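Protein chains in written order, with our numbering: chain A, 1 to 242; chain B, 1 to 445.
Source of the hints: derived by calculation from the structure; they are not laboratory data. Given the structure is predicted, the values throughout are model-derived calculations rather than measurements.
Pairs of lysine to any residue, SDA-like flavour, derived with a Cα cap of 25 Å:
{"no.": "1", "chain 1": "A", "residue 1": "Lys25", "chain 2": "B", "residue 2": "Arg346"}
{"no.": "2", "chain 1": "A", "residue 1": "Lys25", "chain 2": "B", "residue 2": "Lys312"}
{"no.": "3", "chain 1": "B", "residue 1": "Lys219", "chain 2": "A", "residue 2": "Val102"}
{"no.": "4", "chain 1": "A", "residue 1": "Lys16", "chain 2": "B", "residue 2": "Glu246"}
{"no.": "5", "chain 1": "B", "residue 1": "Lys219", "chain 2": "A", "residue 2": "Val114"}
{"no.": "6", "chain 1": "A", "residue 1": "Lys25", "chain 2": "B", "residue 2": "Ala225"}
{"no.": "7", "chain 1": "B", "residue 1": "Lys219", "chain 2": "A", "residue 2": "Arg95"}
{"no.": "8", "chain 1": "B", "residue 1": "Lys219", "chain 2": "A", "residue 2": "Tyr112"}
{"no.": "9", "chain 1": "A", "residue 1": "Lys25", "chain 2": "B", "residue 2": "Arg245"}
{"no.": "10", "chain 1": "A", "residue 1": "Lys16", "chain 2": "B", "residue 2": "Arg237"}
{"no.": "11", "chain 1": "A", "residue 1": "Lys86", "chain 2": "A", "residue 2": "Asp100"}
{"no.": "12", "chain 1": "A", "residue 1": "Lys86", "chain 2": "A", "residue 2": "Asp13"}
{"no.": "13", "chain 1": "B", "residue 1": "Lys47", "chain 2": "B", "residue 2": "Ala114"}
{"no.": "14", "chain 1": "B", "residue 1": "Lys219", "chain 2": "A", "residue 2": "Asp100"}
{"no.": "15", "chain 1": "A", "residue 1": "Lys25", "chain 2": "B", "residue 2": "Leu244"}
{"no.": "16", "chain 1": "A", "residue 1": "Lys25", "chain 2": "B", "residue 2": "Leu233"}
{"no.": "17", "chain 1": "B", "residue 1": "Lys47", "chain 2": "B", "residue 2": "Trp62"}
{"no.": "18", "chain 1": "A", "residue 1": "Lys25", "chain 2": "B", "residue 2": "Gly240"}
{"no.": "19", "chain 1": "A", "residue 1": "Lys25", "chain 2": "B", "residue 2": "Leu308"}
{"no.": "20", "chain 1": "B", "residue 1": "Lys219", "chain 2": "A", "residue 2": "Glu75"}
{"no.": "21", "chain 1": "B", "residue 1": "Lys219", "chain 2": "A", "residue 2": "Asp106"}
{"no.": "22", "chain 1": "A", "residue 1": "Lys16", "chain 2": "B", "residue 2": "Arg245"}
{"no.": "23", "chain 1": "A", "residue 1": "Lys25", "chain 2": "B", "residue 2": "Asp251"}
{"no.": "24", "chain 1": "B", "residue 1": "Lys219", "chain 2": "A", "residue 2": "Phe117"}
{"no.": "25", "chain 1": "A", "residue 1": "Lys25", "chain 2": "B", "residue 2": "Glu247"}
{"no.": "26", "chain 1": "A", "residue 1": "Lys25", "chain 2": "B", "residue 2": "Leu270"}
{"no.": "27", "chain 1": "A", "residue 1": "Lys215", "chain 2": "A", "residue 2": "Ile143"}
{"no.": "28", "chain 1": "A", "residue 1": "Lys215", "chain 2": "A", "residue 2": "Pro201"}
{"no.": "29", "chain 1": "A", "residue 1": "Lys25", "chain 2": "B", "residue 2": "Glu262"}
{"no.": "30", "chain 1": "B", "residue 1": "Lys312", "chain 2": "A", "residue 2": "Gly24"}
{"no.": "31", "chain 1": "A", "residue 1": "Lys25", "chain 2": "B", "residue 2": "Thr402"}
{"no.": "32", "chain 1": "B", "residue 1": "Lys219", "chain 2": "A", "residue 2": "Gly70"}
{"no.": "33", "chain 1": "B", "residue 1": "Lys219", "chain 2": "A", "residue 2": "Ala97"}
So the chains spell out like this:
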Amino acid sequence: MCLVSAVENAILDRVKILIIEDDGKTAQAIRRGLESEGYEAAVARTGEEGLSQLNSHAVDMVVLDWMLPGRDGIEVLRLLRARGNKPAVLLLTARDAVEDRVTGLDCGADDYLVKPFAFAELLARVRALSRRTNQEADLRKQIGDLIIDAHSRRIWRAGKEIILTLREFDLLVCLVRYEGQIVTRQMLAREVWRETNRATPLDNVIDVHLAHLRKKVDDGQPTKLIHTLRGVGFRLREETST
Amino acid sequence: MLGMTPVVYFLIDGRLHVELDRQLRIDWSLIEAHLELDPAGRVLWNKSSPATLSSPGYAETWFEVWSGSELLLSHFPTVDQPIRPLRSPKGETLAVYSVETSLGTPLRTLERIAHIGGRKVTLRVLRDESGLHRTLREILIGLALGIPFTAVLAAFGGYLMAGRMLSPVSVMVKHARDITLDSLDQRLPNPNPNDELGQLAAVFNETLQRLEQSFELLKRFTADASHELRTPLTALRTVGEVALREEADADSLRETIGSILEEAQHLGDLIDSLLLLARVESGRFPFHIESVRLDEIAAEACERLGLLAMEKGQEIVIVPNYQAVVSIDRKLTQQAVTNILDNAIRHSQPGAKILVRSFRTEVASGIEISDNGPGIALEYARQVFERFFRIDRARSRTDGGTGLGLAIAKLFIEQQGGTIRLESLPGQGCTFGVSFRTSKITSPA
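Looking at chain A on its own, in the form it has when it is part of the complex (with noise of 0.2 Å):
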């Protein structure tokens, strides 16, 4: 198995994905999945909806069905298009003929997925599709004076570089994806270990590694930006120490 190098989901923003999918059960199921994986997941049940939202988020990826009730999923692509939207779109359907699949992608869907569907296909489709749109991606970030550049792997603060392990800079940029949020030490070992088990072993690791990152990063700066809360786990975030 190739694993996927963390680089791919070095991107400093959360991918956000919309899925337009009229069955509750599927959509729901599909949003609880994506989000554990990292992503930034929300659900429209009906074309309309989908493209209200997409008119008032910017959203990275649509995760976008075919059958829906009042505007179908192709009329919602056409629409997509035709107002020049440049999310990638994967079209899902259980209509597997060969026409549709032409048309589906000639209406302008980059990629499609015949239901039912394995989800770690969905899955390492929304990846390949991140891979494309990451090109835009705007790899540089700043929070505070800290700055990071995920296309070199670089940090800075106040100026100054600062020099990390693999490891750690990986776990920075987690912590940076979810600025602000609460992130367990489930979620560092999904997303920077890749560890998918419940793995007690882990936690020991990632505090050792989060002591030394919140040294480099933290120490000697007027703000921290690291913090934990007990029992919880981590937060990155701009706040005046008390």
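Position chain B relative to chain A; hints supplied.
For chain B alone, coordinates are given in the frame of chain A:
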């Protein structure tokens, strides 16, 4: 043509011979007129006649005068011909026959008693038959060659004509051969709709039209069924797979399992309905016709669905008619009526009132199910009986139906010879009616 040839040949043969014989008779008379007896008793050519034996007119006319077996006078071309035998004529009769010289020349001979100057002799005239034979032979050859030639010509001509007459057919055949399942929208060209071929083409095109429509319906149904089956499968699978990826406690796992089982149930219902439809449609479902009281059917349906209605706060009112008896298959009709009632309950608002009324008239008996819900627009009144048809596609699975209930009801009722219809106006509720021919009733139980 072959039959004609021998007839023609023999006619010509006969005619030529008749002609020759006639000529011989004339010859005989002419020659007899020119013969005379000299004082010595010899038979001589008449000296006073202008024509002599060497005149061209007599070149071909050969004759012999015999008395007994003695040749008195002979006018015959070649001298060294051997003596021909003489057939003694009986009395005055005429003998006409053919002989052959020793060289093989065929001669036609006429012999007759003549009285030349009182002397009784036998005058014999002869003509060469080989000319006649040659003519006949030429005719025969001509016929023999001509017939096959004509036959070939006729065959060829016939072939060309037939080809031209049939070429519209071969055009049609070629077009028809090109029509396959994927190109059922093609039609045969029909430049002459009024002749027989044109009528054939028109009928063929009509059949193609019906075939095309049937296939369109079938394609649509297959696509719909495929979607309806795949949707719960997808939910099943995705829910299961995602749950496995997460670490979950027993409670959320239980929830997941419950959710999966719900979908499995729905799938099972769907498959059962589809299979039932297929079996009944294929005619392989054995009907059991018996005398059935419709109010029993109505009551049974209400009992089965009473709980469902109660959950929605709906009220079902039964108006029975104990005379409504028909000859039907009880199970099928029960299923149909239950489906219709189920449909009414699902699509009516909570607190609605649903009326289930059995009726009987002289002609028809049946059950009517009416509600006071929002009603359905006229254009959908027929479509509701189509498989997987839903007016509001957003409600596809939240209301729990399979989308096949009314389609099954329609099939079951119509297969038994009954009728099913929907009457509705927006805002005025729906009335579904099922009816059968009224059967003769014995006294109600």
